[in-house]
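Got chain A sorted already, so can you dock chain B onto it with the hints?
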Amino acid sequence: MKTSVSAESWPYFASSQAVRGGQILDFPGFWPFQCSPNSSPWWPLGTGPGRGFCFVYFLPKLPLIMSQQILQAVESSFLKEKVDEFGIGDTVDVHTKIQEGNKERIQIFSGTVIARSGSGSREMFVVRRIVAGEGVERKFPLHSPRIEKIEVKRRSVVRRAKLYFLRERTGKGVRLRERRDR
Amino acid sequence: MRKGILGRKVGMTQIYEQDGRAIPVTVIEAGPCHVLQVKTVDRDGYAAVQLGFADKPRRLASRSQRGHVAPISSKRSDRLKAAGVALLAKADCEPKKFVREFRGDGDHQVGAQVLVSLLDGVKAVDVTGTSKGCGFSGWMKRHNYAGQRATHGVKKVHRHPGGTAAGTYPGRVRKGKKGAGHYGVDRVTMRNLKVVRVDAEKNLLLVKGAVPGPAGGYVIVQETNKVG
Numbered sequence: 001m002k003t004s005v006s007a008e009s010w011p012y013f014a015s016s017q018a019v020r021g022g023q024i025l026d027f028p029g030f031w032p033f034q035c036s037p038n039s040s041p042w043w044p045l046g047t048g049p050g051r052g053f054c055f056v057y058f059l060p061k062l063p064l065i066m067s068q069q070i071l072q073a074v075e076s077s078f079l080k081e082k083v084d085e086f087g088i089g090d091t092v093d094v095h096t097k098i099q100e101g102n103k104e105r106i107q108i109f110s111g112t113v114i115a116r117s118g119s120g121s122r123e124m125f126v127v128r129r130i131v132a133g134e135g136v137e138r139k140f141p142l143h144s145p146r147i148e149k150i151e152v153k154r155r156s157v158v159r160r161a162k163l164y165f166l167r168e169r170t171g172k173g174v175r176l177r178e179r180r181d182r
Numbered sequence: 001m002r003k004g005i006l007g008r009k010v011g012m013t014q015i016y017e018q019d020g021r022a023i024p025v026t027v028i029e030a031g032p033c034h035v036l037q038v039k040t041v042d043r044d045g046y047a048a049v050q051l052g053f054a055d056k057p058r059r060l061a062s063r064s065q066r067g068h069v070a071p072i073s074s075k076r077s078d079r080l081k082a083a084g085v086a087l088l089a090k091a092d093c094e095p096k097k098f099v100r101e102f103r104g105d106g107d108h109q110v111g112a113q114v115l116v117s118l119l120d121g122v123k124a125v126d127v128t129g130t131s132k133g134c135g136f137s138g139w140m141k142r143h144n145y146a147g148q149r150a151t152h153g154v155k156k157v158h159r160h161p162g163g164t165a166a167g168t169y170p171g172r173v174r175k176g177k178k179g180a181g182h183y184g185v186d187r188v189t190m191r192n193l194k195v196v197r198v199d200a201e202k203n204l205l206l207v208k209g210a211v212p213g214p215a216g217g218y219v220i221v222q223e224t225n226k227v228g
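Protein chains in written order, with our numbering: chain A, 1 to 182; chain B, 1 to 228.
The shape of chain B in the complex, shown without the other chains:
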C-alpha cells in the first residue's frame, strides 16, 4: 500500500537552499488523521484504509457521521447487542470534515493516528486536490487554444476557436469536439512532487511546485507511484 495522508493546502511561498537557490514550495498541513475504518477483502470485497482529517463540530455532523467515528446507541446497535453480535471497532474521535479511502492493505488500526512523519524519507509525492473553479470558460482558457490575432483585419473573433469541422462532409461537428464550457472544480492529481521538508512538529509538509486547488482546499497526499 502506498503511504498516504490527508491534508489542507495552506498556500505557496519560497524558501532558499544553502547555495542560494530559491525553491517555490507549497505548504500542506498534513494530518493528524484518524483511521476511521479498515476495509478487508473478506468483509467489504476490497482492502482499503479510510482516513479522516479536520474535526467537524458535532452539531454540524449528521448522526450517521457521528455514528461512524464513535459508538452511538441506536435501535439497530441495541438489537445487535441483544443478539450478541460483535460490533465493529470505532475510531472514537470527533466527526471529520474530509474522509477518504486509500486502497490496499496497510497495517493501520482503527482509531490510530496518522501523522505527517509517515512521509519521512519519502522523496516524492502525488497530491490530489480539487482544482479552482473557473466557471464557464472560453476555448483559450479551457483548452489552451491560441485564439486569433489582435490586429491584421481580425474582427470580433480574437478569442474564438476558428473552424470546428470540415465542410459538406461531414456537414456537422464531430462528437467530442473541444469547446467552451464549465472549467475547474475537477479532481486533479499532480504527480511526482519533490518533498522539500517534513515538519513533524507542526504537521507541515513542504513540496516543490504547485498543488491543485485554492489555499484552504483539502488534498490527498500519497507517496508517488511514478517509476524513476
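Just chain A, same shape as in the assembly:
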C-alpha cells in the first residue's frame, strides 16, 4: 500500500476503515467533493496518470460501496462480541446448546477444524472427527447463539486453509504435527 496517500486525503479509504467497527459512517466529503477541482473524481489526491502510483483504478458505484457498509452494519448486531480464537487444524471442543423438551443442555462435539468459510454473520467452520472408524463432519455457524464456546485442545502445524485431504486418510495418516509456539 502506497503510504503517500494518507487516509485523510482519501475519503474512501478512511470510511472503509471506519466501517470495520461495524458502523455506517457518513461520507464526510465523499467524492468528488474533497478532490481538488482539477482532479478527476476517480483518482485519489496526489495520484493518477503521471502523478505517481495509484492502487485503485476503479471504484464501484457509490450505492454499491454503501451497500457493503450497510450490510456490515446490519450483520454487526448479530455477531458475537468475542469469538473464541481457533485456527485450521486445531483440535477443538465445540459446546453446543441442545434443546430437549423444556430442558437445555450442552453437547460437546470434538474434532479437527478442517475449514472455515464465509464472512460476517455467515461465517461457518467444519469440524471433522472419526467415530467408530467412520469420518463424521459437522458444519457450525460461527456466530450462532447455539454455540456456547469453542475450546482449543491442541494446535497443529498446517500449510493449507482447507484440510480436505484428511478425508482420504485413515488411522495414523490423520495425525497433524502439533504446534508448540505459544
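Don't read these hints as lab results, they were simulated from the structure. Since the structure is predicted, the reported quantities are computational estimates derived from the model, not experimental observations. Treat the hints with caution; some may be incorrect.
On the chain B side, residues computed to face chain A include the following (Cβ under 7 angstroms) [claimed, not checked]: (1) 10; (2) 13; (3) 14; (4) 16; (5) 20; (6) 27; (7) 215.
Sample of chain A residues with no beta-carbon within 12 angstroms of chain B, all distances over it, derived [stated by the list, open to error]: (8) 82; (9) 126; (10) 174.
All residues carry an ideal CB built from backbone N, CA and C; glycine is no exception.
The following block gives chain B in isolation, referenced to the frame of chain A:
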C-alpha cells in the same frame, strides 16, 4: 390504501434468532421518500399518491423533472399567475431518481416525508422490482424445461426442448409455445415476504427471503394484500 414506500435493495445476509435459527434476509434501504403529487378522482380521474426516492443531481434532471418537485418559473406559470390561477402545491425537494405511484386514497400531503416507520407493525409485504437481466436464454433457464440426458446416446441436444408440436396435424408450432429468448429485466413481485425488522434510525427494512433484482436495484415495497 395499502401502505407503501420506495427503496433500494442493498443485498442479502443472514441473521440469527434467539433460539439460534438463521434467517436469510434481504436488506432494503426504504425511504425517506417525498410525496411529490397527490392525484384525485376529481382532477386526474383516479386517486393515487406519487412518491419519489433517491435524490438526483439537479444538473442531471430535466427541466420538467425539476419543475415537478419545486416551483419553477416558466412562460406558462407566469401566464397562469397573471391570470390568477392557483398553481398546484409542489413538494419543494430535490429531483428524484425513482418515482412511482401508489393507487388509492391516502392522507398524504404533498411535500411530506414517508419513512420506513410507516411499516411498523406490518407483518408481511409485497416487494416489486426489476429482475436481473439474463440476456438471450435457452429453454432450460427461461422456462425450467428439463433438457435431456447427459449420456445414453443423447447427442448434441442435452439442453434442447424436445418436441414442440405434433406431426402432420397441425403441421406447425402452435402460437404461444414457450421458447428461448430474452429473459429477465421484467417487473416481478414477490408477495407476502415476512418483515423481520424495521430500523427507523437507519431507514432499513429487513424482509425474509429474496427480492427481485440486483443489489442496488430500486424496489417498491407495499403492505401485502394477500389474505391469510
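For each hint, the structure was consulted:
no. : hint : verdict
1   : 10   : holds (5 angstroms)
2   : 13   : holds (5 angstroms)
3   : 14   : holds (5 angstroms)
4   : 16   : holds (5 angstroms)
5   : 20   : holds (3 angstroms)
6   : 27   : holds (5 angstroms)
7   : 215  : holds (5 angstroms)
8   : 82   : holds (16 angstroms)
9   : 126  : holds (16 angstroms)
10  : 174  : holds (30 angstroms)
Going down the numbered hints, you'll see the structure goes against none, and every one checks out.
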